[in-house]
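Protein chains: 4
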Amino acid sequence: MAKKGIKRIAVLTGGGDCPGLNAVIRAVAKTAINKYGLEVYGIEDAYLGLIENRIHPLTFDSVSNILTLGGTILGSSNTSNPFAFPMPIGKSTRKRDVSDLCISHLDKQGIDAMICIGGDGTMASAAAFAKKGLTVMGVPKTIDNDVYGTDITFGFNTAVTTATEAIDKIHTTASSHHRVMVIEVMGRYAGWIALHAGAAGGADIILIPEIPYQLDKVAEAVLARSKKGRRFSIICIAEGAKPKGGKMVVFKKEANSPDPIRLGGICHVVADQLAKMTGLSCRGVNLGHLQRGGTPTPFDRNMGTQFGYHALNILMRGVANHMVVWKNGSLGATPISRVAGRIKTVPVNCDLVRAAKAVGTSFGV
Amino acid sequence: MAKKGIKRIAVLTGGGDCPGLNAVIRAVAKTAINKYGLEVYGIEDAYLGLIENRIHPLTFDSVSNILTLGGTILGSSNTSNPFAFPMPIGKSTRKRDVSDLCISHLDKQGIDAMICIGGDGTMASAAAFAKKGLTVMGVPKTIDNDVYGTDITFGFNTAVTTATEAIDKIHTTASSHHRVMVIEVMGRYAGWIALHAGAAGGADIILIPEIPYQLDKVAEAVLARSKKGRRFSIICIAEGAKPKGGKMVVFKKEANSPDPIRLGGICHVVADQLAKMTGLSCRGVNLGHLQRGGTPTPFDRNMGTQFGYHALNILMRGVANHMVVWKNGSLGATPISRVAGRIKTVPVNCDLVRAAKAVGTSFGV
Amino acid sequence: MAKKGIKRIAVLTGGGDCPGLNAVIRAVAKTAINKYGLEVYGIEDAYLGLIENRIHPLTFDSVSNILTLGGTILGSSNTSNPFAFPMPIGKSTRKRDVSDLCISHLDKQGIDAMICIGGDGTMASAAAFAKKGLTVMGVPKTIDNDVYGTDITFGFNTAVTTATEAIDKIHTTASSHHRVMVIEVMGRYAGWIALHAGAAGGADIILIPEIPYQLDKVAEAVLARSKKGRRFSIICIAEGAKPKGGKMVVFKKEANSPDPIRLGGICHVVADQLAKMTGLSCRGVNLGHLQRGGTPTPFDRNMGTQFGYHALNILMRGVANHMVVWKNGSLGATPISRVAGRIKTVPVNCDLVRAAKAVGTSFGV
Amino acid sequence: MAKKGIKRIAVLTGGGDCPGLNAVIRAVAKTAINKYGLEVYGIEDAYLGLIENRIHPLTFDSVSNILTLGGTILGSSNTSNPFAFPMPIGKSTRKRDVSDLCISHLDKQGIDAMICIGGDGTMASAAAFAKKGLTVMGVPKTIDNDVYGTDITFGFNTAVTTATEAIDKIHTTASSHHRVMVIEVMGRYAGWIALHAGAAGGADIILIPEIPYQLDKVAEAVLARSKKGRRFSIICIAEGAKPKGGKMVVFKKEANSPDPIRLGGICHVVADQLAKMTGLSCRGVNLGHLQRGGTPTPFDRNMGTQFGYHALNILMRGVANHMVVWKNGSLGATPISRVAGRIKTVPVNCDLVRAAKAVGTSFGV
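Residue numbers (my numbering), protein chains in the order written: chain X, 52 to 416; chain L, 52 to 416; chain G, 52 to 416; chain A, 52 to 416.
A portion of the hints provided could be inaccurate.
Just so you know, same-sequence chains aren't split out, so a pair can sit in one copy or run between any two.
To be verified - Listed next, the in silico DSBU-like pairs over lysine-lysine satisfying Cα-Cα at most 30 Å (straight line):
| # | residue 1 | residue 2 |
| --- | --- | --- |
| 1 | 408 | 378 |
| 2 | 159 | 408 |
| 3 | 295 | 86 |
| 4 | 142 | 182 |
| 5 | 268 | 183 |
| 6 | 86 | 278 |
| 7 | 159 | 295 |
| 8 | 327 | 142 |
| 9 | 408 | 58 |
| 10 | 327 | 146 |
| 11 | 86 | 268 |
| 12 | 408 | 86 |
No wet-lab data here; the hints were simulated from the structure.
Owing to the predicted nature of the structure, the values given are computational and were not obtained by experimental measurement.
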């Protein structure tokens, strides 16, 4: 029993790119065409393309052979909130609500529902559109694993795999040169990647935003290994990790930053501090954008395929304004309004943290 | 509050090797030593080493740097059921129960509990030892994902990753040569690997034991693609897949098999049959032992670490004769007697099967 | 000083697919368009497309983003010799020379020169076309590394990498289970892949066509390891390896072969024989088409790019009817007529064979 | 006919670690033991272990199973020139010649020859030891490919592979976000990695030390792509690349550098400058130590095996004080004194540079 009236849908991908986005697009489009006989449109570059009316048909063929591709064939955009879109007013710029314009673009093309694949920001806009009467369906996307309401989503497994492979590689340098290597991974507000890649890579020390670290405890852990004859240490640090009582050092992406230590990643700062405290040779490596890219792992491809399929399925069964989720080992859905503006952080006492501690990993406290 | 009396434990790994076994051994030993101050022993080559009294101490150092290693540092053995162990009697061989001998070996070394990491067969023996009064704890191991009682375990993710990478590679040959490629993966009784790798690799047709196929439907699906201008097809087949009404063709490992078609994998047979039915060029590739080997994925390393940690933890909290499990997204445990002799197959209507069908995959029916 | 008269060229890819083909196509087309202002055509499915007049323009855009793709965007065909093309005559088939038809197709499109990327067979036809007055330029292609006249070409490095990764994976199974694993790689007439992958994978025994093996010596080498406490062995065997005095066992691709042992690869036969001779557990794995597929290694991409660039360059400088080669560390060219019908085998006393022997590898003699 | 008198040799690995070092150690030791019946010693941590008399026997078993390991089982050290070794004199440090001490350590152990595996600095010390009468043999090691006298050596292929895989991954982010990505690779004085990885990764712009770039030309190349509708660009930059007329910006490893722009890699500086000049979103990624680590590629394993074998072989045939080389496709040797203090840079008109230009790559000039 398909939802009455839905004959044409549109799909967009918002926020930073993420392995598995194309798996979702493919599953949404193929399910819509194959199973429900719908017409499918793709919106380019997230909400920006919606604002600029760049909306084009997707055929079965146009979404074939994209399952293994990283990134998104639709393009994305980080900064295009339709409810506060920067418009030039004379010489200055002012933020305007252009959501009505967006809705008119969808209306003119006869689009009945919009599938929004994205993270926190994308869901917030989707929820706002839902309030204005648009039929929306959300699909969570995040390499950081911090989208609220779902246990996991696509992209995270690929990012953890890339980060772990990097730690594996750096292990040989660390051990050959008796060095302390500080490897920085993504995770501004949540330490999921650092925890999972650190545990999988056998990191000696893992530093995450949820557990503010004490630098002297970190140095102590390094020196304790030295005393046992382990002449190297691997530290896996989330970009958002911060010292106890201190604050997060935001990595400035522009080089003309007034603050010298912020360019290139906090791993370099921590490596420098530790070198002074321990007298050991310490080096930083910031994995940066490597973690977003590449072909998705099988896990993420299948997660994306199932999310895309499920989003279409529940939409056609009458559910609207929900985000599909993976909860307790099963597909489900949660009201999109409950998700927007929230974040899912690492419980400091979760199984993997406790297991890591049991095998000897320090969290710097 | 540790369980009274447990001061010394032993660990063994049974059945076919599986990526992640060393992660479990490491987590068991490190947790036991670090957290509970126990002594840890390793039993070589599964129950065979128990029968032959090859039991040696494991130190913290001896389980360091093994997290990324495939296989098992303890060795394994496929055919050593202590309750029906083949003993030479004159010129013939008779199966004997040597379990008392095993128990006496453990007793002499003062071992209070045994951690058995393995699949169906290993758990059956562990359950039988439990009945005889031994304190045992099981950890499920299977690349096939068919151990009953747990949603997932380590090894499967690595096997699926290896199989998917193979499908990815073969895609280019198939499309360049306009060929039908039949890729055989493990799964004698359950089609989990074929389903997950097939879906992740974008296979056009997936054949699993749970859904007996009709060869004419398979040929039809291939030809339907041909008509649409898709000049190649990828078929992912589980070794245990069988035609409707037919029976599983067991791959003979010995070349002097009376039945010519059974050597090298059923993929070759199916490829041959399809070539005749469709007139297209068809080829088989049997991935075989590739799927067991290699460094475990981060997912499997962390699953192994958590299982090993959890097994020790609940043992020391007084739980005995259970197998640790991953159920609905969390660690748990189930009585080992409930697991032995059962198998977990693919529900033919599960989400991934339905999603795969929705995006156009045929299951040959 | 460009060759007079060349304004339009065509390119085809012949024989089995091979990683790096697209790198050559891209370099040929981009160099032709960018540097020489030529028009470029692609011939589909090797000589078959030439016979059937399937020849289409290639633009700069149509060869963008193909550098990392395995296979060939032009398609290939194994069985389409224009000088002996099977034509249906009534109910039977007779081989006809259709080369004049091919030349007329090129003439009608105003094509002045043809770049033929392929192996032995492709070069033979190219040489025959050259004799008939066509301007041709050859680019050697072979994963087997057996094309005569060039030290190396693209595809081989990728195949060796895939085969070595497989051996690396299988190592863990072999050592955990104390097994003899027989890994079969491509190489019907030359053992280059077996030698290079075997040496790189640390194979204990390497069997290649150039050094006929003695099975009792192979069994001896396996047992000698056993005696030293090495309870497993890795054997890397080329598909064309044969016992001393015996003949090559051709792997039948069709299952209805009268000879049971030929299906699925000779690795299974050798494993079976060794099991009987040594009493050890032995298993075969046939890598098959895995070795042809996948994204080319950086080495092969750059080799392909340089070959494509060089082919165009010397063509425009007046060289014709040559095949580009890599000789003694540099790009060069050799008359295509010298290459056709010859093969480059492994010198049995080459550096890598001797180095492998020095580190303890047996060649079964 | 082995060189008279050589019965015991020692081997050391100097300079930054490099994939393939263990392949050389293994080949040296196994060839020495297997083929020549020598005794083999390993010197720990390069010349530092020689100074401190940390020299231990290597057995056949101790070099087994190390072929696939990155790094060096002997350890290394960057700063231990025995001819100018920093010694504490009261409160200050003075550089002393401790080479006689080193020789006495070798003499006491009865070591007749020393195999020195390393780069420029290691060879310089080896040459100085040769002058003092020690029998030495050099094996070139460099991921940068800049050791003089050899066309190539182990480590480079692995580094290029790691860098190319990173570019492949970043491609998807660049194209999804319409960004300019500046990827920094190793190469302080020579641009080999940047050239090979850039060409293999399809970089749009490659910046190397040998071709000083003009930033406005780089910006121009980026904008030219933009105009053609290519909304992203990939720039591969060697750490030692410098603007025309400017000087190399040395990446400071210590965070308390007075110069803010030097921390984290020059990629960030170039990205920042380009963002201002083009108005596009630009990001830097510095691969850093990732390039040194990991398991060596098959190419590097075999190169290392052949170098180690050859070094032993020519030593036993009476050659001394040479470095083994790979020249024009064959193994050879060159006097070690000719190598020390020299470097091999990229010829600005070499085949790969010209091929890259032909397919449209800019070098920023």
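Query raised in the report: Taking 30 Å as the upper bound on the Cα-Cα distance, should residue 268 and residue 183 be classified as within, between, both, or neither?
Result: neither (52 Å within a copy, 48 Å between copies)
Requested in this report: Classify it for me, residue 327 with residue 142: is the Cα-Cα distance of at most 30 Å met within a copy, between copies, both or neither?
Outcome: Cα proximity of residue 327 and residue 142: across copies only (19 Å, versus 49 Å in one copy).
Requested in this report: Pop the pair residue 86 and residue 278 into one bin, within, between, both or neither, using alpha-carbon distances up to 30 Å.
Outcome: Only across copies: residue 86 and residue 278 sit 20 Å apart there, 64 Å inside one copy, limit 30 Å.
Query - Identical-chain pair category, residue 142 with residue 182, by Cα at 30 Å - result: neither (33 Å within a copy, 72 Å between copies)
**Report entry** Alpha-carbon proximity between residue 295 and residue 86, which holds within one copy, between copies, both or neither at 30 Å
**Finding:** So residue 295 and residue 86 pass the 30 Å test across copies only (26 Å; inside, 54 Å).
Query raised in the report: Which holds for residue 408 with residue 86 at a C-alpha limit of 30 Å: within a copy, between copies, both or neither?
Result: between (48 Å within a copy, 9 Å between copies)
Requested in this report: Indicate which option fits the pair residue 327, residue 146 if close means a Cα-Cα distance not exceeding 30 Å: within, between, both or neither.
Outcome: between (47 Å within a copy, 23 Å between copies)
Query - Status of residue 58 relative to residue 408 across identical chains (alpha carbons, at most 30 Å) - result: between (53 Å within a copy, 21 Å between copies)
Report task. Have a look at residue 159 and residue 408 and pick one of within, between, both or neither, based on CA distance no larger than 30 Å. Result -> neither (57 Å within a copy, 33 Å between copies)
Query raised in the report: For residue 159 vs residue 295, is the C-alpha pair at or below 30 Å within one copy, between two copies, both, or neither?
Result: neither (54 Å within a copy, 51 Å between copies)
Report task. Indicate which option fits the pair residue 86, residue 268 if close means a Cα-Cα distance not exceeding 30 Å: within, between, both or neither. Result -> between (58 Å within a copy, 19 Å between copies)
Query raised in the report: Is it within, between, both, or neither for residue 408 and residue 378, if the alpha carbons may be no more than 30 Å apart?
Result: both (26 Å within a copy, 23 Å between copies)
In the structure shown, a violation is registered for the earlier hints numbered 2, 4, 5, 7, in ascending order.
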